[in-house]
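Visitor: Sequence:
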Amino acid sequence: MATETTNLSLRKPATTDNVDVLLDIAGNMDKIDNAFGTATGHDHDGTDSKKVDPSNLAHKVRGTEMESTADAQKIATDNLKDLAVTNAKIATGAVASANIATGSIVTNRIVDANVLLAKLLSNTISVTAGTAEATAAHGLSTTPLLEIITMTSAGTIHKSTSSDGTNIFLTADAADRTCDVTVIA
1 MATETTNLSL RKPATTDNVD VLLDIAGNMD KIDNAFGTAT GHDHDGTDSK
51 KVDPSNLAHK VRGTEMESTA DAQKIATDNL KDLAVTNAKI ATGAVASANI
101 ATGSIVTNRI VDANVLLAKL LSNTISVTAG TAEATAAHGL STTPLLEIIT
151 MTSAGTIHKS TSSDGTNIFL TADAADRTCD VTVIA
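Each residue of the sequence shown is one higher than the one before, starting from 1 at the first, in this note's numbering.
Bear in mind the hints are in silico, worked out from the structure with no lab data behind them. Any given hint could be a false lead.
[Claimed, not checked] Ranges of calculated distance between the beta carbons of each label pair, as one might list FRET restraints:
no., residue 1, residue 2, range
1, I90, A2, 52 to 62 Å
2, I90, A14, 50 to 60 Å
3, T166, G130, 18 to 28 Å
4, D164, A132, 10 to 20 Å
5, D176, I90, 41 to 51 Å
6, I125, G155, 49 to 59 Å
7, L10, A88, 41 to 51 Å
8, D30, M1, 20 to 30 Å
Since we're looking at a predicted model, the values are computed, not measured. We put the CB at the ideal spot given by N, CA and C, even for glycine.
Start from the sequences, fold in the hints, and give me the full structure.
Guide: Given below as structure tokens:
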């Protein structure tokens with residue numbers, strides 16, 4: 001004797017019944033189709049499907065309540081699958097110094113190949129300096145973190161004052177000393 005399923009009331013023939021194609025299969029398919037019809041909001045096309053209110057998801061992980069502290073809301077890297085976070089998935093401007101908590105990036109967490117000169121702001125300029133302080137525009141949009149002086153003449157040139165957002169300041173041991181300065185930020 002046939003019974004019905006609990007959720008959709010689909011006809012479920014008993015093991016001793018003969019399956020009636022029209023009643024058992026076609027009828028059940030119609031019930032399933034009607035249950036997921038667009039009129040009920042179960043179309044699953046992503047445009048007008050019923051949506052979950054975000055407030056129902058706040059502080060919940062896999063159906064369990066989660067602490068509302070800032071530490072509890074962090075995602076531990078061991079919970080991420082390989083390649084789950086890629087440059088292509090990160091919105092432009094999402095990773096900015098204003099969004100990074102103090103102390104969250106430390107050198108022992110940076111893989112060697114992740115910091116490359118190509119990923120940093122850099123510029124190389126040629127400078128002529130003498131015993132009076134020389135000012136040279138470094139060409140970066142920010143104050144350099146590092147200046148590398150490579151002499152192109154005899155003698156020495158050194159940084160005489162801290163660089164600012166526009167210039168580097170150099171002094172030489174004698175007149176007409178030249179160098180290339182690579183600035184990195």
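Visitor: Against this structure, judge whether each hint is valid.
Guide: Structure-based check of each hint:
At roughly 55 Å, the beta carbons of I90 and A2 sit within the given window of 52 to 62 Å. The hinted window of 50 to 60 Å between I90 and A14 holds, with their beta carbons roughly 56 Å apart. The hint said 18 to 28 Å for the Cβ distance between T166 and G130, and at roughly 21 Å that hint holds. Under the hint 10 to 20 Å, the C-beta atoms of D164 and A132, about 18 Å apart, fit the expected range.
In this structure, D176 and I90 meet the distance hint of 41 to 51 Å, their C-beta atoms being roughly 49 Å apart. Between I125 and G155 the C-beta distance comes to about 18 Å, which lies outside the given range of 49 to 59 Å. Checked against the given bound of 41 to 51 Å, the beta carbons of L10 and A88, roughly 43 Å apart, stay inside it. With their beta carbons about 22 Å apart, D30 and M1 fall inside the hinted range of 20 to 30 Å.
Checked against the numbered hints given earlier, this structure breaks only hint 6.
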